[in-house]
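Visitor: Residue strings, one per chain:
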Amino acid sequence: MELTFITILDYLGTFAFAISGIRSAASKKFDWFGAYFIGLVTAIGGGTTRDVFLGVTPFWMIQPSYLVVTGIALLFVIGFGKWVVKLNYTFFIFDAIGLGLFTVVGIDKTLTLGFPMWVAIIMGMITGTVGGVLRDVLVNQVPLILRKDIYAMAAILGGIVYYFSMKIGVNSITTQIASVISVILIRVIAVQFHIGLPLMRDIPPNSKKKT
Amino acid sequence: MELTFITILDYLGTFAFAISGIRSAASKKFDWFGAYFIGLVTAIGGGTTRDVFLGVTPFWMIQPSYLVVTGIALLFVIGFGKWVVKLNYTFFIFDAIGLGLFTVVGIDKTLTLGFPMWVAIIMGMITGTVGGVLRDVLVNQVPLILRKDIYAMAAILGGIVYYFSMKIGVNSITTQIASVISVILIRVIAVQFHIGLPLMRDIPPNSKKKT
Amino acid sequence: MELTFITILDYLGTFAFAISGIRSAASKKFDWFGAYFIGLVTAIGGGTTRDVFLGVTPFWMIQPSYLVVTGIALLFVIGFGKWVVKLNYTFFIFDAIGLGLFTVVGIDKTLTLGFPMWVAIIMGMITGTVGGVLRDVLVNQVPLILRKDIYAMAAILGGIVYYFSMKIGVNSITTQIASVISVILIRVIAVQFHIGLPLMRDIPPNSKKKT
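Protein chains in written order, with my numbering: chain Z, 10 to 220; chain W, 10 to 220; chain D, 10 to 220.
Calculated from the structure, these hints are not laboratory results. Keep in mind that a hint or two might mislead.
Copies of the same chain are indistinguishable here, so a pair counts whether it falls within one copy or spans any two.
[Stated by the list, open to error] Below, simulated DMTMM-like cross-link-like pairs (lysine to aspartate or glutamate); rule was C-alpha separation at most 20 Å, straight line:
| no. | residue 1 | residue 2 |
| --- | --- | --- |
| 1 | Lys-95 | Asp-19 |
| 2 | Lys-95 | Asp-211 |
| 3 | Lys-157 | Asp-211 |
| 4 | Lys-176 | Asp-117 |
| 5 | Lys-176 | Asp-211 |
| 6 | Lys-91 | Asp-211 |
| 7 | Lys-118 | Asp-19 |
| 8 | Lys-38 | Asp-211 |
| 9 | Lys-38 | Asp-117 |
Could you build all of it, start to finish, from the sequences and the hints given here?
Guide: This is the structure we're talking about:
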């Protein structure tokens, strides 16, 4: 039952990530296959990068449901494009759920393989954010999540919640739920109140020449 | 003898892929080394990605012939730039041969390592197409093969031919040849008759803001 | 003592690479986290790619000092932006030291794992240059080091110095020092005297169409 609930959340998150990739592809007039490809990279790119770094077989090569969920997302955008726009806020919530869940899945998997907590927190962040970075690189845009909003930072803060929750002896399931909810809340609050990190000031770009 | 023939096709495909990368680099005025680098990534990027996902040592680290073929491709473009343009159709055919062969090599290697058929078909597609995607990302363009023409789709259809051919009991060599030829024919027919997948309609790009 | 000296050089190189990434991010108005992310990818991207190809755990997952050095680089750019510009030549020297050191670290690690010399030379080049390529891709620019200056070529020439030094029986430490110094000198001389490889002539970009 618990597993089923997490699986549903996992698919919701995958669906939301795939939708965001497919929408980016649509904005550049990709064909259907290209849109599917970008959607898939957005949905599984983070977890794949994590698994390559951890030295294990990428998760989506073990069971095909992520490919299927991405396919449904493609059909949804093709068939109900207008709805997608109207459901903007719903997808934002799904995306936040996905970020939270992917983060915790990444942390758990890394700890299970015997790495220390600081590696796990980074892997959680990678799981949640690298897909979005790859999406933006593939449609030839500067990665959005590196320029504004609390996004990767929400994943890292969720990882710190995970750490302290474990540290004070909270059991595993509660720790995971607390961490997921933290990420979602931080995302929602940051967007609601336009909270972001300071931007870098523009200094002349790096030059290899001597002055 | 059979092996020799396949090796020649493999080098032809590598040569064609490298040429397409070097030409992209030339259009952006890269220096000779940069052009070699882009040519190499185009030629070996797909197989390298496949091998990283499969957890084996990238194929070009085991024998250096792919580096040599790419070097010859560079000299060819530098020395015979005009010919390359005149030989456009020849290179298109080499590229189609490369796509077909790389696809089947990817499928075979994946099956040999014990993965199921659906993973093998995806790995065949990755072997044939990721090099071209990396090429376009490195020269700062939206990946061409994700926007138009049947390209990745040809690799997937070739994988499905492979599957059904094996399913009905055709022997291994014939299955491989049938699959390679399918990919080449699909590519040639698609380009000849301007057959492509439908394009996505432009809906407003994804926004993380609530409406 | 020797180890300490090399460690200091390693951190100087990491610092210089991180600074160059953070400056690129600043020029695109990334937020602080985005700048840290780009700085980190620039500093560790090459070694990470090498380790993934070699099939070992990425080096920065084993000890966190590279994350700390990148953090210091971020604080430095935020706090002393003007100094960074004034110190342009100093950072160019640090960057050259980093390139030399990363190259030799890459070569050593590859040989230790039992690969042949030609693979080691390529891995040295990858260690020294892929971080800069990823930096440019992430800020949506055509990779600088593929277009001008002797950069990747300096890493390869350093690898060739390594090879011949070993070949004529020079001991391991001297070989490594000779190789690092070669890379640094080649970089400095190439930039000082504006020495570069020839550029590719522009021929029409690759077309998948027949003529």
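Visitor: Compare the structure with each hint and give your call.
Guide: Outcome of the hint check:
no.: 1; hint: Lys-95 / Asp-19; in the structure: neither (23 Å within a copy, 50 Å between copies)
no.: 2; hint: Lys-95 / Asp-211; in the structure: between (36 Å within a copy, 15 Å between copies)
no.: 3; hint: Lys-157 / Asp-211; in the structure: within (15 Å within a copy, 24 Å between copies)
no.: 4; hint: Lys-176 / Asp-117; in the structure: within (15 Å within a copy, 40 Å between copies)
no.: 5; hint: Lys-176 / Asp-211; in the structure: neither (41 Å within a copy, 49 Å between copies)
no.: 6; hint: Lys-91 / Asp-211; in the structure: between (38 Å within a copy, 11 Å between copies)
no.: 7; hint: Lys-118 / Asp-19; in the structure: within (15 Å within a copy, 31 Å between copies)
no.: 8; hint: Lys-38 / Asp-211; in the structure: between (32 Å within a copy, 6 Å between copies)
no.: 9; hint: Lys-38 / Asp-117; in the structure: neither (38 Å within a copy, 34 Å between copies)
The structure shown violates the earlier hints numbered 1, 5 and 9.
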